[in-house]
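Undergrad: Each chain is listed here by its residues.
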Amino acid sequence: KAGVTQTPRYLIKTRGQQVTLSCSPISGHRSVSWYQQTPGQGLQFLFEYFSETQRNKGNFPGRFSGRQFSNSRSEMNVSTLELGDSALYLCASSSYGGTGVAFFGQGTRLTVV
Amino acid sequence: AQSVTQLGSHVSVSEGALVLLRCNYSSSVPPYLFWYVQYPNQGLQLLLKYTSAATLVKGINGFEAEFKKSETSFHLTKPSAHMSDAAEYFCAVSVAFCDNNDMRFGAGTRLTVKP
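First to last, the protein sequences are chains A and B.
Quick note on numbering: the first sequence equals residues 1 to 113 in the numbering used here.
Quick note on numbering: the second sequence equals residues 1 to 115 in the numbering used here.
Rather than coming from a laboratory, the hints here were simulated on the basis of the structure.
As the structure is a computational prediction, the values presented were derived from the model and not from experiment.
Keep in mind that a hint or two might mislead.
[As the list claims (entries may be wrong)] Some chain A residues flagged as far from chain B (calculated, every beta-carbon gap over 12 angstroms): (1) Tyr-10; (2) Gly-16; (3) Ser-70; (4) Ser-79; (5) Ala-92.
[To be verified] Sample of chain B residues facing chain A (criterion: CB under 10 angstroms; computed from the structure): (6) Phe-34; (7) Lys-49; (8) Phe-67; (9) Ser-70; (10) Ser-73; (11) Phe-90; (12) Met-103; (13) Gly-106.
All residues carry an ideal CB built from backbone N, CA and C; glycine is no exception.
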C-alpha cells in the first residue's frame with residue numbers, strides 16, 4: 001500500500017504570496033490532518049478533514065485554510081505569506097475511528113523569503 | 001484538553017546503554033498515547049501506541065513503553081541503544097473513543113548515541 005504523499009517536497013515563496021500544498025492519504029483513509037513543525041513551536045495541529053468536512057481546527061489565523069476532495073486528497077492554503085510561516089508542513093492520514101493512528105507523509109518544507 | 005510534556009529536550013547515551021525518554025500526559029478522559037520517531041528531513045514514523053489494552057506496549061526497533069495511570073506517564077525505553085536510534089522522538093496524546101484524530105504532540109526529545 002502506498003504511503004502518504006505530499007507535494008511538493010520543497011518550496012520557496014516570497015512574503016505576501018500565497019501557497020497551496022497537497023496531500024494524498026493512504027488508500028482507504030478518510031481522515032487527513034495537517035501539522036506545522038518549526039524549531040521554536042514544535043509540532044502544532046492545524047486542522048483535520050474527514051469526508052470533505054473540517055472536523056477540528058487548531059489555533060492558527062484565518063490565512064491558513066484547507067479542503068478535502070471526494071477522493072480524500074487534501075490541500076492546504078496559506079495566503080499572504082509571512083516569514084514566520086517558514087516551516088515543515090506535515091500531513092497525516094488515518095482510517096475512520098479505531099485507534100486514531102496517524103501515518104505521516106515526508107512533509108513539505110516551505111521557506112518564505 | 002489533553003497535552004503531553006516531554007522531560008529533556010536532549011538525551012545522550014552511549015551505544016549499548018539503556019535509552020529512557022520521558023513523557024507525562026494530561027487528559028481528562030482516557031487517552032490514547034503514541035511515540036513517534038523523526039529522522040532528519042523526514043516525516044514521523046509510529047514506534048508504538050497505547051490504546052487501553054496492555055499497559056506495557058512493545059513497538060518496533062526494540063522500543064517499549066509502559067502506561068502508568070497513577071503517574072500519568074508513558075516513558076519510552078530500549079535496553080540497548082544503537083547508533084541508528086539517533087533521531088528526534090515525539091510523544092503524543094489523543095482522546096480515546098473520539099471520532100476526530102486531533103493529536104497533541106510534546107516538544108520532542110533529540111536522542112544522540114555516542115560510539
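Undergrad: Which hints from the list above does the structure break, by number from lowest to highest?
TA: 1, 5, 8, 9, 10
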